[in-house]
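Visitor: The primary structure of each chain is shown beneath.
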Amino acid sequence: MKLALSLLDIDFSEAEKRICRFIKEYVENAGSKGIVLGLSGGIDSGTIAALSSRAIGGGNVLGLMLPEEENFSQKDIEDAKLVAEKFNLQTQICDMSSVLSCLYKSIPVFDPNDRLCKGNLKARTRMIYLYYYANKFNKIVCGSSDKSETMMGYFTKWGDVAADITPIMDLYKTQIRKLAIHLGIPKELVLKPSTPALWPNQTAENELGIKYETLDLILYGLEKFMKTIEIANQLNIQKTIVDAVKNRWLANEHKRKMPLPPKIGYRTVGNDFRLPRHTY
Amino acid sequence: MKDKINLALAQISSKRENKEANLQKIEDLTFKAKEQGADIIIFPELSLSGYVVRDQVYELAETIPGPTVEKLEKLAKKTGMHVICGMPELSEKTQATCFNTAVLVGPQGLVGKYRKMYLPTHSVFEEKRYFRPGYQTAAFQTELGNIGLCICYDIFFPEVLRLTRLKGAQLIVCISASPAVRRSYFETLTCARAIENTAFLAYVNLAGVQDGLQFWGGSRLVSPSGDVLAKAKYDEEDFVICEVDYGDLRTAETFIPTLKDLRPELFDKLKESSELL
Chain A
417 MKLALSLLDI
427 DFSEAEKRIC
437 RFIKEYVENA
447 GSKGIVLGLS
457 GGIDSGTIAA
467 LSSRAIGGGN
477 VLGLMLPEEE
487 NFSQKDIEDA
497 KLVAEKFNLQ
507 TQICDMSSVL
517 SCLYKSIPVF
527 DPNDRLCKGN
537 LKARTRMIYL
547 YYYANKFNKI
557 VCGSSDKSET
567 MMGYFTKWGD
577 VAADITPIMD
587 LYKTQIRKLA
597 IHLGIPKELV
607 LKPSTPALWP
617 NQTAENELGI
627 KYETLDLILY
637 GLEKFMKTIE
647 IANQLNIQKT
657 IVDAVKNRWL
667 ANEHKRKMPL
677 PPKIGYRTVG
687 NDFRLPRHTY
Chain X
540 MKDKINLALA
550 QISSKRENKE
560 ANLQKIEDLT
570 FKAKEQGADI
580 IIFPELSLSG
590 YVVRDQVYEL
600 AETIPGPTVE
610 KLEKLAKKTG
620 MHVICGMPEL
630 SEKTQATCFN
640 TAVLVGPQGL
650 VGKYRKMYLP
660 THSVFEEKRY
670 FRPGYQTAAF
680 QTELGNIGLC
690 ICYDIFFPEV
700 LRLTRLKGAQ
710 LIVCISASPA
720 VRRSYFETLT
730 CARAIENTAF
740 LAYVNLAGVQ
750 DGLQFWGGSR
760 LVSPSGDVLA
770 KAKYDEEDFV
780 ICEVDYGDLR
790 TAETFIPTLK
800 DLRPELFDKL
810 KESSELL
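Respectively, the protein sequence lines represent chains A and X.
Per this note's numbering, the very first residue in the first sequence carries number 417; after that it's consecutive.
Per this note's numbering, the very first residue in the second sequence carries number 540; after that it's consecutive.
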């Protein structure tokens with residue numbers, strides 16, 4: 417197998433169809449009245465908004481915009497509104513600033529300079545809003561995590577990845593860019609640098625230290641059980657880069673699983689209790 | 540024996556852990572098939588219980604004969620139809636030894652059953668965790684011709700269908716629960732197995748979504764020459780009536796005579812080599 421971006425060129429019409437069917441069946445089987453999603457103005461949430469709207473109708477999809485003062489961006493709000501309008505979504509804006517401020521004040525050890533801990537607090541607060549609306553209006557939360565970031569563990573545990581379904585989690589970022597264009601997401605939004613928006617000027621590629629075009633091919637090679645040396649040779653990059661990606665992928669499995677219990681009983685939750693999911 | 544028979548390919552989406560609802564669907568579609576002139580109706584792998592049932596399989600599995608098969612027998616008797624259906628089977632001798640089984644009933648009662656020989660336990664599949672493999676291929680002489688049975692992943696192993704054909708099967712029925720990413724493999728293999736055995740091959744797959752697995756449907760009847768004679772929709776539930784004309788077997792067998800040209804001594808070599816893999 418020759419690692420090249422063309423390997424990630426899937427049939428995007430087919431992918432759209434499958435994802436829409438998945439969303440529709442899940443919502444119906446859950447007896448839910450629709451979907452709540454966080455609408456950030458970025459490519460992933462825009463893609464999810466488009467897919468959800470096509471699957472169950474925009475009137476059944478609520479996009480929550482969750483700005484907060486430290487990271488406020490009028491451009492992001494405008495982009496989010498643009499997507500909502502294009503795909504006929506319902507929207508609501510909840511300013512999280514006052515809640516975050518209370519949280520900061522109520523934590524005795526709160527350190528405003530520890531931007532990671534503070535940023536994770538924001539991601540988890542967004543989750544609280546999403547689930548409040550889901551709970552209140554009998555909807556499910558639709559997550560927008562992609563495969564690149566999920567494999568790298570580049571997300572907040574119980575934060576941005578907390579959702580009932582994650583319809584684009586099996587697509588790498590470079591694939592989502594193409595899917596987004598296929599779905600008619602405005603190009604300028606597709607080209608915007610991805611960011612979890614946990615602090616000002618944060619970008620995913622800067623933090624990951626690698627371009628998505630390279631990262632996705634490394635991850636694709638690992639997915640296909642290729643050895644790191646083969647991947648490095650094929651991509652003409654240092655093996656240490658590929659090893660670092662592999663190590664980060666493996667080290668973050670704990671973020672992708674239910675909490676681990678010690679084995680004591682006959683059948684154990686999250687371990688060998690293997691049950692079907694009733695609402696899919 | 541009839542020269543020509545009509546098949547109903549019942550590509551359903553089954554409700555997991557709801558045998559009652561699935562049986563109702565089986566019953567309704569069997570009556571519908573009868574009305575449309577079918578002689579036999581075929582339902583997908585584990586369509587009685589749903590495919591992704593995990594530990595619940597121990598509650599869902601039944602002996603054969605057993606309560607569900609009795610209901611299927613009554614249905615077959617009432618309609619004069621043959622019915623093939625996939626279900627988790629419980630061994631009569633134990634309390635938790637299960638098989639992934641295809642059962643064939645006719646107007647006279649239970650004709651026979653086939654226990655899946657190759658249980659996928661890789662990727663998203665965990666069948667060996669729950670099922671014991673079968674040890675026998677199955678071909679049954681009926682008034683509708685000699686019907687062989689196999690299940691899904693078996694089709695990747697030419698020896699299963701070859702043995703079924705050598706037992707006399709003219710129509711090989713493969714019931715399946717295949718998720719979408721494997722569609723191209725099955726589309727190739729259904730034709731290949733029909734051609735290499737010069738037999739009709741009816742493939743009936745599940746539709747719908749179970750635990751994120753999307754079953755691709757695409758059920759079909761393939762002629763002994765590899766032509767797709769009838770095809771159901773991809774992904775959605777569908778119901779297709781199609782005809783098997785056994786007269787076509789002679790044409791296929793004379794054109795590319797794979798059975799005449801079989802070399803039995805190679806099978807000994809195959810056994811030796813596979814033991815040393």
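Think of the hints as simulated: they come from the structure by calculation, not from any bench.
Predicted, not measured: the structure shown is a model, and the values here were computed from it.
For each residue, glycine too, the CB sits at the ideal point set by N, CA and C.
Among the clues, some could well be false.
Some, not all, of what chain A presents toward chain X, calculated at C-beta under 7 Å [stated by the list, open to error]:
(1) Glu432
(2) Lys440
(3) Lys534
(4) Leu691
(5) Pro692
Visitor: Does each hint hold? Answer for all of them.
Guide: Each hint, compared with the structure:
no. : hint   : result
1   : Glu432 : violated (13 Å)
2   : Lys440 : violated (9 Å)
3   : Lys534 : violated (34 Å)
4   : Leu691 : holds (6 Å)
5   : Pro692 : holds (5 Å)
Checked against the numbered hints given earlier, the structure breaks hints 1, 2, 3 and satisfies all the rest.
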